[in-house]
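Two chains, two frames, a set of hints: combine them into the complex.
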Amino acid sequence: MEEALQNQKINILAPTNQLSANHSHSRRRRGEKAIEKILVLCAAIFILAIFLITLFIFAKGMPLIAKIGLGDFLFNTQWSPTKGMYGIGSMFIGSVLITLGALIWTVPLGLSTAILMAEIAPPRIGTILGNLINLLAGIPSVVYGFIGLIVIVPFIRENLGGNGMSLLAGAIILGIMILPTLINISRDSLLAVPREYKEGSLALGASHFQTISRVMVPAAKSGIITAVVLGMGRAIGETMAVVMVTGNAAIIPGSILEPVRTMTSNIVLEMGYASGDHQTALFATGMVLFVFIVILNLSINLFAKGGQGIGRN
Amino acid sequence: MKKNFGRIVLTGILVLALLVVTGCGKSNDAGEQGSDSGKLSGTITVAGSTSVQPFSEVLAEEFQAVNTGVTVNVQGGGSSQGVEAVISGAAQIGAASRDLKDEEKARANLVVTPIALDGVAVVVNPANKVSALTAEDIKNIYIGNIKNWQELGGEDAPITIISREEGSGTRDAFSEIVLNKEDIVKDAIIQNSTGAVKTGVAGDKNAIGYISMAKVDQAVKALRVDGVEANEANVKNGSYKVQRPFIYITNGEPQGLSKAFIEYVLSDEGQSIISEEGAFSIQ
Numbered sequence: 001m002e003e004a005l006q007n008q009k010i011n012i013l014a015p016t017n018q019l020s021a022n023h024s025h026s027r028r029r030r031g032e033k034a035i036e037k038i039l040v041l042c043a044a045i046f047i048l049a050i051f052l053i054t055l056f057i058f059a060k061g062m063p064l065i066a067k068i069g070l071g072d073f074l075f076n077t078q079w080s081p082t083k084g085m086y087g088i089g090s091m092f093i094g095s096v097l098i099t100l101g102a103l104i105w106t107v108p109l110g111l112s113t114a115i116l117m118a119e120i121a122p123p124r125i126g127t128i129l130g131n132l133i134n135l136l137a138g139i140p141s142v143v144y145g146f147i148g149l150i151v152i153v154p155f156i157r158e159n160l161g162g163n164g165m166s167l168l169a170g171a172i173i174l175g176i177m178i179l180p181t182l183i184n185i186s187r188d189s190l191l192a193v194p195r196e197y198k199e200g201s202l203a204l205g206a207s208h209f210q211t212i213s214r215v216m217v218p219a220a221k222s223g224i225i226t227a228v229v230l231g232m233g234r235a236i237g238e239t240m241a242v243v244m245v246t247g248n249a250a251i252i253p254g255s256i257l258e259p260v261r262t263m264t265s266n267i268v269l270e271m272g273y274a275s276g277d278h279q280t281a282l283f284a285t286g287m288v289l290f291v292f293i294v295i296l297n298l299s300i301n302l303f304a305k306g307g308q309g310i311g312r313n
Numbered sequence: 314m315k316k317n318f319g320r321i322v323l324t325g326i327l328v329l330a331l332l333v334v335t336g337c338g339k340s341n342d343a344g345e346q347g348s349d350s351g352k353l354s355g356t357i358t359v360a361g362s363t364s365v366q367p368f369s370e371v372l373a374e375e376f377q378a379v380n381t382g383v384t385v386n387v388q389g390g391g392s393s394q395g396v397e398a399v400i401s402g403a404a405q406i407g408a409a410s411r412d413l414k415d416e417e418k419a420r421a422n423l424v425v426t427p428i429a430l431d432g433v434a435v436v437v438n439p440a441n442k443v444s445a446l447t448a449e450d451i452k453n454i455y456i457g458n459i460k461n462w463q464e465l466g467g468e469d470a471p472i473t474i475i476s477r478e479e480g481s482g483t484r485d486a487f488s489e490i491v492l493n494k495e496d497i498v499k500d501a502i503i504q505n506s507t508g509a510v511k512t513g514v515a516g517d518k519n520a521i522g523y524i525s526m527a528k529v530d531q532a533v534k535a536l537r538v539d540g541v542e543a544n545e546a547n548v549k550n551g552s553y554k555v556q557r558p559f560i561y562i563t564n565g566e567p568q569g570l571s572k573a574f575i576e577y578v579l580s581d582e583g584q585s586i587i588s589e590e591g592a593f594s595i596q
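Chains R and V supply the protein sequences, listed in that same order.
Quick note: the first sequence uses this note's numbering, first residue 1, plus one each step.
Quick note: the second sequence uses this note's numbering, first residue 314, plus one each step.
Bound-form chain V, shown alone (with noise of 0.2 Å):
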């Protein structure tokens, strides 16, 4: 009993150095840091687009740490949610992973920054036939209209469709984009992760899936769309279609706090931030 007890104290302060030690570690990186941090201060709030708001965190926490004195608050919501919050003034910045709609841009003295370009390959086992197909193709597969792949110059099998949950900004950029909105069938496997998506389809000779294009490597094969290459350069000249822009909103010209973390973000230093996080940089 004695010699239990002894154990259980010995490893509680153990515990409680190991704490202690990385506790200063942390406090003594945000300080080193931090020593170079200008004069801003104050609060400012990014809201919208769930696509974005991975980016926006990362931005985010990386602006709070060379700016000591800041605060960024990073919301999700959705694009439209991010529109209403700009012009409601709820946040300095909006965030859409989409271009406005004219009644939107109406509303208000609403000024758009593209901060980087996010494109979705559509992809296939890298045994099957078909490499190209046209956006047409890719929308009746996903509606249910195309079943099979001797359809389109396949072999003779049933085309097993994996699809994003719902929810997920690549299902809703690519929902968007190539199906207009319509439903995808309902016996589509869904898998919650890209990961899960590209292991479905490398694992399966006879399946469709859509990925982030950053995250495409040898496993899938990603399709020709309308005869145009899934790559960097095809999706920042614009002939990619299934491609969509991640913007911030501001009312008005941005000021202060919104104009020096827009600045931040479209540094070399932020756009790195975002290639290394899946987008592609706009310049």
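Extracted from the complex, chain R is given alone in its bound form (with noise of 0.2 Å):
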């Protein structure tokens, strides 16, 4: 409707048919100019917060590690600020065992999952089962944590014995919270797979079942390997839900009833108070888990070039 408007006045204002044409032409390309540099200008402010925030926890964590020796930091076990003593040790074990728990159960339910609703299920009962996982993502972390406060840890503390805050409340917890990246991800990316490669499958005699896991789930691959990994991304950087359901306790647990303590849960839970060495131990904590979070999507990276970026999102 503007355009129209415009070609209008432009042709009241100038007789000529091919002035008019090359004027808007002109107007329009310094319009684009103009948004093509503000979009530059968005971009470099991301870039340079980023940048900043970067520079920031590193500037911040670095002098206690550079004081007490990053070896001592990352694998002494002992955490006892008050005392002088900071080792992440255990929490970096806790970070991993946890994230480690909730991927164990999580992976065949996610992909099972995402088969049915790609390959096995009508299109459009697909399409709803998708929206409803949306909606599972949307939840905030805090209301999963509430749910495992006052339902898993109960349930666990009753039936298989200890407090109930522990590795495996945690790890539930996590689980449900990661399914959804890992059943949409990999959905998209076997429904991604070329539809040739199920008719092949199909017309060389395959079954149904043989052409999914012969064909479908290798040629979904990459795709499938992205969506755990960030599964597993999201796992590590949760703190609020963790926090809740874990019991905290800074130990290398013994069994999967027992408290743990991971890297986020550790920066949350003493910021209120911390001061000094303290609070840069915490941002200390805060630079690993950077480092861990940024080498598990440069993996992501890697898969994605391994296969073609088959359902890559």
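Please keep in mind that the hints were generated in silico from the structure rather than gathered at the bench.
Being a predicted model, the structure only gives us computed values, none of them experimental.
One thing to keep in mind: the hints can contain errors.
[Unchecked claim] Distance condition first, Cα-Cα at most 20 Å in a straight line; then the derived SDA-like pairs of lysine to any residue:
{"hint": "1", "chain 1": "V", "residue 1": "K534", "chain 2": "V", "residue 2": "G516"}
{"hint": "2", "chain 1": "V", "residue 1": "K460", "chain 2": "R", "residue 2": "S255"}
{"hint": "3", "chain 1": "R", "residue 1": "K83", "chain 2": "V", "residue 2": "I456"}
Printed below as a string of structure tokens:
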């Protein structure tokens, strides 16, 4: 509508058709240039912000690591800031354990659900399920944590023993939280497998299940791996729900019923009153977390390059 | 496209209008409260104990609302740093959540003004048969020597120990008074707020925890410690042992703005703020 108005105006002002076309062309070009510049500016601000955040975390965290040594900080399991002991070994292991715990049960479950939605269920039901799962992804983590605290922790306490606040409770809650990521990305990558693969396989006499397990899943492999790595990233970064259900003892748990503390929990638990070296140690914990997640993201890129990037999100 | 743009502009205007309205409201408030201001002006710094800090912050806020020309900076750092700050002159008032040590008293003419008392209640689940413990028992639970309620006359069940995070003022007080600074067992559940400790104890019939006495309610049962009921009267008469004073320290008798601020804190208004925030007044 705007354009029509403009053309009318130009027609009245400039009698020659060619002139008017030229005129509007150069104007549009100028507008485009301006928008381009704004976009570049936005991107630059964004990149600068990321750069500054990185710089800040490292500047804040480095002094302590320089003081006690990276090896001691990472591998010592004694965390007692008021006594000057800063070892995040137990929390590093805690983060890894709880993430593995979440993945062990969600990967088979998530993948099966994705296969059901993409291959077996009628497309319409697949879409409805997909929307429902997206809804799950939108629930704030504190709500999951609260459900964990009210339902899962007492259940574990009464049926399995211990206090209930445990590695197990954390792994269950985290698993529920990463399921949407896992299912959606796996489903997308299964749907992105060319139709010919499936048709070819069926034409050669393979059954539906053989087609899924031998053709579809291998073809969607890189997308599925991406889904797992993204879920892993979310699990490692999750804080609120984990703090609420894991009991937060800075130990290496001897069983899945014992409490555990992750690196993210450590930061949120103690930042309230921390000062001096204690605060620096929390920033250093953030630094380790940051590097860990960057490594995870790089590995996603590697995997995605390995396949043809099917189902990359 | 055009319709959308219009909507964005409209939302923007509404947000701006809202900001302006709330902004005006605030400045009006401040003006009214400042109308009875005295002639005090200047800046003082209160530094020290992180347990006293939240109280100092609220008190400073109210004090500044009454005396508009005054700025009271409140900083943390811990009780020892509060003493250091007063001696070095970095702060006019030092805050501590313990009595002064002899070597601290020897270093300068420090004047101590108690401003509040803080009691720490040791709490268990209401279903727990145990309702009184000695301080020694509590210490043995927290350092890991006693692991089962049976040893204390309760049911045969393992004790779930719930503690606060490192750096918490309540933990400091508990550790200093009851544990004599010995280490809390490593596998104790750690929660980072009074509310979370209470939820933990209320949900697990084998749990034990400690919280600020002002926050005790029906959900948990406060234990008698060495036979003394955990209540305000027993904290004030000193018979309940798990307590500590909140003190302000000045180098020499408080003067000028420091004096005015301390007088405000000790006034009925200041003391009622302290009670509201969860400690006991010293009257």
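Self-check item: Those earlier numbered hints the structure runs against, lowest number first
Solution: Violated hints: none; all satisfied.
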